[in-house]
Amino acid sequence: MKKYPLVLVLLLLIAVGITIDFYASKTPNPYTAPPVLAWGSGNISSGGHCADIGVSK
Amino acid sequence: MTDSVLTLFARHSLRSLLLGLIALGILAVTTFIGARYGALLLIGIGFGATLEGLRFGFAGPWRALIERREAGGVLAQFLAIALTSIVAIPIIYMGNGEIAGAHAPISLSMVLGAFVFGASIQIVLGCGSGTLVNAGSGNLIALLALPFFILGSFAGSYNLMWWIEIGALPIVTFSNLLGPIGAIIITLSLLAIMSIVILRRAPREGRRIPHRLLIAAIIVAILAIANLFVAGQPWGVVYGLGLWGAKIFHGFGLIGAESTFWSATQQSELLRKSVLTDTTSLTNIGIILGAFLIAFWRRGLSTRSPNLPLKLCLVVIVSGFLMGYSARLAFGCNVGAFFSGISTGSLHGWVWFPLALLGCRVGLYLRKKLGFQEAGF
Chain B
1 MKKYPLVLVL
11 LLLIAVGITI
21 DFYASKTPNP
31 YTAPPVLAWG
41 SGNISSGGHC
51 ADIGVSK
Chain G
1 MTDSVLTLFA
11 RHSLRSLLLG
21 LIALGILAVT
31 TFIGARYGAL
41 LLIGIGFGAT
51 LEGLRFGFAG
61 PWRALIERRE
71 AGGVLAQFLA
81 IALTSIVAIP
91 IIYMGNGEIA
101 GAHAPISLSM
111 VLGAFVFGAS
121 IQIVLGCGSG
131 TLVNAGSGNL
141 IALLALPFFI
151 LGSFAGSYNL
161 MWWIEIGALP
171 IVTFSNLLGP
181 IGAIIITLSL
191 LAIMSIVILR
201 RAPREGRRIP
211 HRLLIAAIIV
221 AILAIANLFV
231 AGQPWGVVYG
241 LGLWGAKIFH
251 GFGLIGAEST
261 FWSATQQSEL
271 LRKSVLTDTT
281 SLTNIGIILG
291 AFLIAFWRRG
301 LSTRSPNLPL
311 KLCLVVIVSG
321 FLMGYSARLA
331 FGCNVGAFFS
341 GISTGSLHGW
351 VWFPLALLGC
361 RVGLYLRKKL
371 GFQEAGF
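Line by line, the protein sequences give chains B and G.
Here the first sequence stands for residues 1 to 57, where the numbers follow the working numbering.
Here the second sequence stands for residues 1 to 377, where the numbers follow the working numbering.
Everything labelled a hint here was simulated from the structure, so no lab data went into it.
Each hint should be verified, as a subset may be incorrect.
As the list claims (entries may be wrong) - What follows is a set of in silico ranges between Cβ atoms, one per label pair, in the way DEER data are often shown:
no. : chain 1 : residue 1 : chain 2 : residue 2 : range
1   : B       : Thr27     : G       : Val318    : 47 to 53 Å
2   : G       : Lys368    : B       : Gly42     : 53 to 59 Å
3   : B       : Leu13     : G       : Gly20     : 21 to 27 Å
4   : B       : Thr19     : G       : Ser302    : 25 to 31 Å
5   : G       : Tyr365    : B       : Tyr31     : 41 to 47 Å
6   : G       : Leu366    : B       : Lys2      : 28 to 34 Å
7   : B       : Thr19     : G       : Ile181    : 46 to 52 Å
8   : G       : Leu366    : B       : Met1      : 23 to 29 Å
9   : B       : Thr19     : G       : Arg201    : 28 to 34 Å
10  : G       : Trp297    : B       : Thr27     : 49 to 55 Å
Yeah, the Cβ is synthetic: ideal placement off N, Cα and C, and Gly gets one too.
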């Protein structure tokens with residue numbers, strides 16, 4: 001089997017997944033989005049990371 | 001003549017169209033979600049393009065080190081980690097909490113997880129980042145393993161607290177023990193010692209870092225530092241995959257308060273938000289897109305993939321699941337625990353690496369026994 005259709009299916013699934021998730025989730029507000037750089041923002045780092053042990057930061 | 005000119009024109013048009021679509025996607029995320037998220041998607045594309053374009057990886061060089069004692073690939077990884085650590089350790093230390101490190105405890109789950117992860121990646125022939133890169137460039141094994149990698153990452157995070165409660169030491173970072181300068185010195189010294197050990201064992205022809213890997217190591221370090229400055233946390237892979245799995249289960253109402261991990265304030269908040277606001281999800285999507293872009297550019301997607309026998313399909317499915325599950329237990333894969341753990345001064349990264357290498361030995365033995373090479377993989 002050629003690789004083209006396989007990758008296209010993957011990209012399609014990602015696109016569909018993001019779209020469904022976007023409409024099912026809290027709508028993001030770009031006006032309240034954090035600044036481009038976390039460094040110097042004054043905000044405590046709050047993203048999820050593999051090193052998280054599951055307790056709130 | 002006319003036909004070849006038309007083909008060339010069509011190919012260039014397709015490449016331009018693809019670049020345009022990706023640029024449009026970044027612009028859309030920047031405009032409608034936020035500038036930070038657009039930047040993270042761009043950084044992820046940079047990672048994917050570099051890993052695929054310059055063939056920089058983790059599982060492959062570890063295999064080369066074990067089977068042929070070749071040092072070049074692993075030394076390139078050490079170089080990227082060293083360069084990242086010089087910037088990462090001081091900014092985390094002085095960042096007043098704005099920048100977090102990949103700091104995790106050494107636990108029984110971590111020890112077991114790193115070993116199983118090492119074994120699984122040699123069966124799938126792709127680590128955390130490698131599976132995303134390989135999937136983006138049309139590798140059949142990676143495409144089959146990816147959904148189960150996601151499922152395993154979710155299952156691992158779901159059970160994470162249970163595993164941690166079995167036994168874990170407090171988190172130890174070199175910065176807390178020795179201060180930022182001491183942490184950089186000990187990290188660089190340990191990397192230098194490991195390099196010398198690996199170089200002494202390597203055959204003469206396997207001692208140098210290939211030029212492309214040297215460039216890749218520098219680019220990966222720059223991107224990892226950029227990730228740190230923009231996201232406020234180091235480069236990671238597995239958390240994002242676990243979140244994708246959790247979102248699917250959450251969508252069907254299958255996650256409740258029984259999961260200590262996903263009912264924690266921070267995690268449940270991330271479950272309610274779009275994946276386009278999650279750092280590791282964005283860089284993961286970027287890695288797939290970047291790898292796809294390079295594979296498309298090289299016309300590597302028009303090649304055929306060998307057929308995978310049913311027995312090997314099942315092995316890949318189980319290995320993909322174990323990769324995800326074990327990576328969550330180990331507080332990260334080759335990226336989150338090894339690369340980011342060591343480069344941000346966490347002791348667990350140093351324990352993770354030899355255990356994963358030990359697992360790789362077992363994985364390579366199993367791979368030979370299972371007949372992947374005979375099947376053309």
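Each hint, compared with the structure:
Separation of B/Thr27 from G/Val318 is about 39 Å and departs from the stated range, judged on CB atoms against 47 to 53 Å. The hinted window of 53 to 59 Å between G/Lys368 and B/Gly42 holds, with their beta carbons roughly 54 Å apart. A beta carbon spacing of about 22 Å between B/Leu13 and G/Gly20 agrees with the range 21 to 27 Å that was offered as a hint. Look at B/Thr19 against G/Ser302: about 28 Å separates their beta carbons, and that is inside 25 to 31 Å.
Checked against the hint of 41 to 47 Å, the pair G/Tyr365 and B/Tyr31 fails, with Cβ atoms roughly 56 Å apart. Between G/Leu366 and B/Lys2 the C-beta distance comes to about 29 Å, which sits within the given range of 28 to 34 Å. Between B/Thr19 and G/Ile181, the C-beta spacing of about 48 Å keeps the proposed range 46 to 52 Å intact. One distance hint, 23 to 29 Å for the beta-carbon pair G/Leu366 and B/Met1, holds here, with the actual separation near 26 Å.
In this structure the supplied range 28 to 34 Å is violated for B/Thr19 paired with G/Arg201, their Cβ-Cβ distance being about 51 Å. A hinted range of 49 to 55 Å for the beta carbons of G/Trp297 and B/Thr27 is inconsistent with their spacing of about 35 Å.
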